[in-house]
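Enquirer: Sequence:
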Amino acid sequence: MLLDRVARTSLDIAGSASRKKKVALLAALLRHVPADERAPVARYLAGELGYKTGIGYATVGELRGSIPPAATPTLAITDVDRRFAAIAELSGTGSNLARKQTLGELFALATEVEQGFLSAVVVGELRQGALDALVVDAIAMACELSPKTVRTAYMLAGEIGVVAAAVLADATAVHTFGLTLFRPILPMLAQTADDATAALAEFPETPMSFELKLDGFRLQLHKDGDLVRAYSRALNDVTKEVGPLLDIVRELPARRLILDAEAIAYRADGRPLPFQDTMKLKAGGQSLTLSAFDLLLVDDDTLLTKPARDRFTALAAAAPVIAVPH
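Going letter by letter, the sequence shown gives residues 1 to 326 in our numbering.
The reader is advised that the hints may include incorrect statements.
Stated by the list, open to error - Straight line, CA to CA, 20 Å or less: simulated EDC-like cross-link-like pairs of lysine to aspartate or glutamate:
(1) K21 / E112
(2) K21 / D36
(3) K100 / E159
(4) K100 / E112
(5) K306 / E205
(6) K213 / D269
(7) K213 / D194
The hints are simulated quantities; they were obtained by calculation from the structure and are not laboratory data. The structure presented is a predicted model; accordingly, all values stated were derived computationally and were not measured.
Use the sequences and the hints to build the structure in full.
Expert: Written out as structure tokens, the structure reads:
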């Protein structure tokens, strides 16, 4: 598939005010994407490259301002993805120049529409509405699945391209994604409300749990015996950055664990430091306190679909020294 078709679909999506139409446009495109291009197309339309390129606004702006666009679309998705994979592999002396040259070569082959689309994806500024949520719903529509089912698969896989490639090939594959140690899942995020009364009104018949909002940085902790790894909210491996904190998890009695936690720094008087100060201490690790607020797996029991009350009870039993009171 040509990049031009994907870029123009993105423009059509951005130009529509109807979420239903946005999803329909995406679904129509996804139905026709060749099998080997489904993962990158889904990632691009979710505003993600899938690679860490080290390329920022300045480089992209300079290239767009100096390289005239191609007159005719010729770029295939496979070629674009191959070039970004090559950029991500570059390191060492001269790598910045090599990245710029490779991206410049790509821009020289891209039309004006394609240059605009690539620029937005590279710097994470694709503006067409709720990005990954739209792609999830479009996969569901294209495969005649419930959005909730695809959303769960995406949460467990942590990467929209993986889900698109599997589910668009075989809709039943949506049920094959599960909770796996050392494969971080997308975090469950809170929504805001005007005040407590408004929040309670959203769920009038639902039991509630109240807990402190800890303004630190999110950690997902995976343990298998003595092996413990930490992942950030963006699912990056930050094990080396928070090493001293992991000893606490390593000493917990359970053999296998997946914990949702927050690391935070406190003043001498017990009050939490501002978020920016906590982030400055992140690299040291020793000055941070770990607080776990959810438990997703303990030994051979997966708790992801269990009620929050049951997960909190299990958390208090499995990690009493770091469990947040509920």
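Enquirer: Does the structure break any of the earlier hints, and which numbers would those be?
Expert: Hints 1, 2, 3 are the ones this structure does not satisfy, whereas the remaining hints hold.
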